Amino acid sequence: MHNNLEIVSGSSELTLRFVGEFTLYNLRDHELKIKSANFNPYNKIQIDLSKLTYFDTSAAIYLNKLTKSFERESIQYEIICDSNEINDTIELVKKYSSATVDKKINHDFLETVGKKAYDLFVGIISFFQFLGKLFSTKLYLIKNLKDIRYKEIAFEINESAIKALPIISLTSFLIGLVVAYQGAYQLKTYGANIFIVDMLGISIMRELAPIITAIVIAGRSGSSYTAQIGAMKITQELDAMRTMGFDPYLFLVLPRIIALMIMMPILIFVSDIMAIIGGMIVANIDLDITVNMFIDRFLIAIDIKHFYVGIVKGPFFAFLIATIGIYRGMAVKDDTQSIGKNTTKSVVEAIFAVIMCDAVFSIVFTNLGV
Amino acid sequence: MSIISVNNVVTTFEDNIVHDGLNLNINEGEIYGLLGPSGCGKTTLLREMVMLQQYSSGSIEILGHELNGISEENAQKLRQKWGVLFQSGALFSSLTLAENIALGLVEYSNLSTKMIQEIVSFKINIVGLKQSDANLYPSQISGGMKKKAALARALALDPKLLFLDEPTSGLDPISARDFDGLILKLRDLLGLSVVMVSHDLKSIYDTLDKIAVIDNKKIVYEGNIENIKYEQSEFIRTFFKANI
Chain A
1 MHNNLEIVSG SSELTLRFVG EFTLYNLRDH ELKIKSANFN PYNKIQIDLS
51 KLTYFDTSAA IYLNKLTKSF ERESIQYEII CDSNEINDTI ELVKKYSSAT
101 VDKKINHDFL ETVGKKAYDL FVGIISFFQF LGKLFSTKLY LIKNLKDIRY
151 KEIAFEINES AIKALPIISL TSFLIGLVVA YQGAYQLKTY GANIFIVDML
201 GISIMRELAP IITAIVIAGR SGSSYTAQIG AMKITQELDA MRTMGFDPYL
251 FLVLPRIIAL MIMMPILIFV SDIMAIIGGM IVANIDLDIT VNMFIDRFLI
301 AIDIKHFYVG IVKGPFFAFL IATIGIYRGM AVKDDTQSIG KNTTKSVVEA
351 IFAVIMCDAV FSIVFTNLGV
Chain B
1001 MSIISVNNVV TTFEDNIVHD GLNLNINEGE IYGLLGPSGC GKTTLLREMV
1051 MLQQYSSGSI EILGHELNGI SEENAQKLRQ KWGVLFQSGA LFSSLTLAEN
1101 IALGLVEYSN LSTKMIQEIV SFKINIVGLK QSDANLYPSQ ISGGMKKKAA
1151 LARALALDPK LLFLDEPTSG LDPISARDFD GLILKLRDLL GLSVVMVSHD
1201 LKSIYDTLDK IAVIDNKKIV YEGNIENIKY EQSEFIRTFF KANI
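Protein sequences, first through last, are from chains A and B.
Reminder that position 32 of the first sequence reads as 32 in the numbering used here, one-by-one numbering, no gaps.
When you read off a place in the second sequence, starting at 1, and then add 1000, the result is the number in the numbering used here.
The shape of chain A in the complex, shown without the other chains (with noise of 0.2 Å):
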């Protein structure tokens, strides 16, 4: 059967005869028809559902709203209807709606403010917070050797160090490439070839390897601890653990925090060879410094101290960049949204401390005389 609505007037009063469906798939056009016809001439509107085949809740909802206008503009009406699934449903809708749809509250400018920094407040307060646990652990680990969860040490080295190698080297190894191409160009010009290895030594050693290992260990490593711990939390492992009594620091973060500040000065000396190596290519082709040439200058001109500087910021930007990550997968709430939305705060924070660490160790060492 065709699903319309039919408008007949007549002498004094109007029929709107629905016929078919009426759901909420052709109630937009019902409605729109309804709106354009004109009441005001007839003393009396006859609703009759008598043709009706299906009538749903939304259509109903439509029909109290209609006939409740009525009443406010006093207009007579009637409902003509045989069917007693239709009058529950319409009795079902009567009962069930409301008058008031509540609204959105919209915050002011100042209210909005207030609420950023108060929660930029609790959010710092909660990073002293874990910070403390953390180091309340460790306190207890010093005591008790024996808890330290070494296989879980072992297979965080291996997951989160040891499987980064290929990235770092290749990321390293280009470093070392552009740095020297681009080095080698300007110091043709004076012809100070030879220095091409000074350049590359000190710049490499003490400054890119550390940066760059730790860039990439922070996007790599850092990101997948915050995804793992937020899902974690959300499906209710660190609860469950907690009830069973295994500590979650002691379980999960340490290891994460331990394994890594282990790691990272062996990656950070992987990246100085492999980064070494690509700047010798370049050396070797455009300068025409030959490997052994270069390795001669490299034992007078570098001092060993140059890599001491570049190795000891490795656990410090590990023990960053793990516990951002960590405490960002801790911060995640009961939604899959704050997982996404921590992770990516998780790289950019851990990012920006490490290259923060960077410069306070540039100042202090210059300072030292190192």
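Rather than coming from a laboratory, the hints here were simulated on the basis of the structure.
Check before you lean on any hint, since a few could be wrong.
Stated by the list, open to error - Here are the simulated lysine to aspartate or glutamate pairs, EDC-like style, with alpha carbons at most 16 Å apart:
(1) LYS1160/B / GLU21/A
(2) LYS1160/B / ASP1172/B
(3) LYS1210/B / GLU1222/B
(4) LYS1114/B / GLU31/A
(5) LYS1081/B / GLU21/A
(6) LYS65/A / GLU85/A
(7) LYS138/A / ASP247/A
(8) LYS1160/B / ASP1188/B
(9) LYS1185/B / GLU1030/B
(10) LYS1146/B / GLU21/A
(11) LYS1146/B / ASP334/A
(12) LYS1185/B / ASP334/A
(13) LYS1160/B / ASP335/A
(14) LYS1210/B / GLU1231/B
(15) LYS1146/B / ASP1133/B
(16) LYS1114/B / ASP29/A
(17) LYS1185/B / GLU91/A
(18) LYS1185/B / ASP88/A
(19) LYS1210/B / GLU1226/B
Keep in mind the model is a prediction, meaning the values are calculated, not measured.
Keeping the supplied structure of chain A fixed, place chain B upon it in accordance with the hints.
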């Protein structure tokens, strides 16, 4: 009239056979229960009915459409005719309750915003939530409220067919009975057909017209609940022991 018919359905996960030739028939207006011990594949069968999972062989026919090899167009039409309530609600966490319920209406109908708002507030009332809950996010409400909101979302498009996966689990007894009452009322008013997986004995006795018990990869019983006491299956005997 049969709206769902399952014929010889076989489901295998790698080497593991879950269903070995299931046959059942669900008629219009029926509240049909799938029962069985944990791990017997009730939820798997439900997921196969709503096209979330493929079965290995056999056929499932819903509202005249065979699900294996259904065209994308028909599948989409079918999806608008049913509502699904997942065990844990599965509300979209980035949307408020009202937005969750309105989503289907916004996407599939041309109704005005005001009309959608009224429909949403009606659905919120009918499942027993408060209007003030409408603007909360799923992470801010309890498990029982999530379930009610998810039911409201499943009912948003006035479906002819409702799939419920353990609808009363995680609800307090009062809400659970209200839920049963609501399902019965909706069936009577809207001619809804309901397929549900349930472990709640009270709800099984109160609401179900017909049940199928899956055990050992097969249907061991299909029919109404009164006759079940004559069955000799291990699961049926232990499960219904207290009440037979």
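A quick look at each hint next to the structure:
1. LYS1160/B / GLU21/A: The given pair, whose Cα atoms are some 13 Å apart, holds under the 16 Å limit.
2. LYS1160/B / ASP1172/B: Roughly 27 Å separates the two Cα atoms, so the pair is violated.
3. LYS1210/B / GLU1222/B: holds, 7 Å
4. LYS1114/B / GLU31/A: It holds: about 12 Å lies between the C-alpha atoms, which stays within 16 Å.
5. LYS1081/B / GLU21/A: holds, 15 Å
6. LYS65/A / GLU85/A: violated, 19 Å
7. LYS138/A / ASP247/A: holds, 12 Å
8. LYS1160/B / ASP1188/B: holds, 12 Å
9. LYS1185/B / GLU1030/B: Distance of about 12 Å is within 16 Å: holds.
10. LYS1146/B / GLU21/A: violated, 32 Å
11. LYS1146/B / ASP334/A: Distance of about 13 Å is within 16 Å: holds.
12. LYS1185/B / ASP334/A: Roughly 34 Å between the alpha carbons, so the hint for LYS1185/B and ASP334/A is violated.
13. LYS1160/B / ASP335/A: Given that 16 Å is the threshold and the Cα spacing comes to 31 Å, the pair is violated.
14. LYS1210/B / GLU1231/B: Status holds; Cα separation ~15 Å.
15. LYS1146/B / ASP1133/B: The hint holds at about 11 Å.
16. LYS1114/B / ASP29/A: Satisfied, since the Cα-Cα distance of roughly 15 Å is no more than 16 Å.
17. LYS1185/B / GLU91/A: Given pair LYS1185/B, GLU91/A holds - Cα atoms ~12 Å apart, limit 16 Å.
18. LYS1185/B / ASP88/A: Holds, because 10 Å separates the two Cα atoms, which is no more than 16 Å.
19. LYS1210/B / GLU1226/B: holds, 10 Å
When held up to the earlier numbered hints, the structure conflicts with 2, 6, 10, 12 and 13 and fits the remainder.
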